[in-house]
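**Student:** Protein chains in written order, with the working numbering: chain D, 1 to 308; chain V, 1001 to 1243.
In case anyone wonders, no lab produced these hints; they're calculated from the structure.
From the three backbone atoms N, C-alpha and C, an ideal C-beta is built for every residue, glycine too.
Reference excerpt, derived from the structure (chain D facing chain V, CB under 8 Å, subset only):
#1 Leu52
#2 Ser54
#3 Lys78
#4 Gly88
#5 Glu92
#6 Glu97
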Amino acid sequence: MNMLEVRNLTKKFGEITAVDALTFSVAEGEVFGLLGPNGAGKTTTIRMLCCLISKTSGEAQVAGYHIGNKTDSLAIRKLIGLVPDNIGLYEELSAYENLDYYGKLYECPERERREKIEYFLKMMELWEKKDQPVSDYSKGMKQKVAIVRALIHDPKLLFFDEPTANLDPESSRVVRDFILRLKKEGKTIFINTHNLGEAQRICDRIGILKTKLLAVNTPEQLEKSVWGSRTEVQVEKVSNRILAAVRKLKPQDLSVEENRIILTVADPQKQNPDFVQAIVSAGGRIQYVTQLTPGLEETYLKVIEETK
Amino acid sequence: MRLSKAWMVASKDFKTFSKRKNILYSSIYFEAIVSIGLPFIIRYMTGKPNAVAAIPFILSAFSFLFVIGAALLPVGIASYSLIGEKVQKSLEPLLATPTTDEEILVGKSIAAFLPALGTNLVGALIFTTLVDLFTYNTLKSLYYPNWDIVIIVFLLGPLASLLSVGYNVLISSRSNDVRSAQQLGALIMLPLGAVYVLSEFKVLNLTTNNLLIGAAVLVAIDVIVFYLVKATFQREEILTKWK
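Just chain D, same shape as in the assembly (with noise of 0.2 Å):
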């Protein structure tokens, strides 16, 4: 079953376009990124399937409620759960006290929200510290806190936005692996974020935004349908007859940088001896064969690039 069905939903400010037909799913247990570059909608997506904000087309379901119904509305907020990019909490009040408040917005049972705030914030490691006042936590505490108050009235559907936007790296490794956590929990995730190293860890597919949805795919496929499959062979010199012996058995394309030949090809398993026997039939020498994996930065900087 499908958590959030998207189809061509857009936004638009005015004459401005913020969101244009947004297209996508989002699977039961599965754990949805989308990356973009600043103002490529990222926010205002999330604020739309969480009913903050009115589409201006297109259509989106949330556990089969559609957005826009004023009725459907309350109920997919009861459904999900929001961090958003700013932390948000009361600073004067403590961290229970803020927690409190939250799970009586969201309808919690007293014992049921009492217990709950217990279990997240020792689990968090805040229980000693849940009576002081927010505005003398850390940033990453913070963090933790504004994460459980998503947490507290157990949603199906939580939406992270920028969650370690600006944490120290131990905070913002807190932050990940909690996610982690919620991710073998069997929690429906979907994060914005700006951390492509975190998206390739966390999620289990990606999507690239720039207004318009640029790829979805896992970042493995999404890598592979960029680039294709390279393998990058290393000689002690590169000569023409090694070239037009590789030549002969037509890669899809062929590069030469420096003493590195790199082969883009269709089936990397089955070709590569063939292209290492053709080289050291040449009078090749080779030093090192590699499977070139561009990591997901490339393939983003590339696909985003696309778009200029």
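Using the hints provided, position chain V relative to the given structure of chain D.
**Tutor:** Frame of chain D, contents of chain V only:
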């Protein structure tokens, strides 16, 4: 609209204000001066010639200060209640909960309105008690309670408070700074202050009838402001247009 949800929002604000005492203190100084300070001016007057004629006239004008106080009291709380949320960027997670715009707006209004109403009532009680205590020997009867103070405290005061709450919500939607919002919000006192000055100069008599006409005018203005606030307090407007 569920009142229980609105009450949750208001209760959270009460808790916040209890931890930010400066908001409460800055709100009640005017009320303290009026309810405790002014009776002593009346006490000083009791020893003067023609006090019997002058005191009722002065008290009629002084009573109207409880309308001004009722409008002034919610300024600090209402502006902090909304701008505080804006500054702490807590509106987005709040709006993401299953709470309607009306419930949040009513909750915020209750949080500003009830303390104002309570403080004004207590202030009026202190004022009328002290005045009766100081003037009984001179006037030979209790000046308070009378219909004018009842209309002021139970009708004009709450209406002025409601107007102030609505006006301050409108101001807060366009401001990012609590202090500037409070300064702009306090402008609500100007028309009411003008009424007070006119009454002191005997241009306007604050008779029971005139007070009731004033209440009718405030009802009409409150209704207009209510619709303006309702149009402003929409979650999309709050997230995308509130500066």
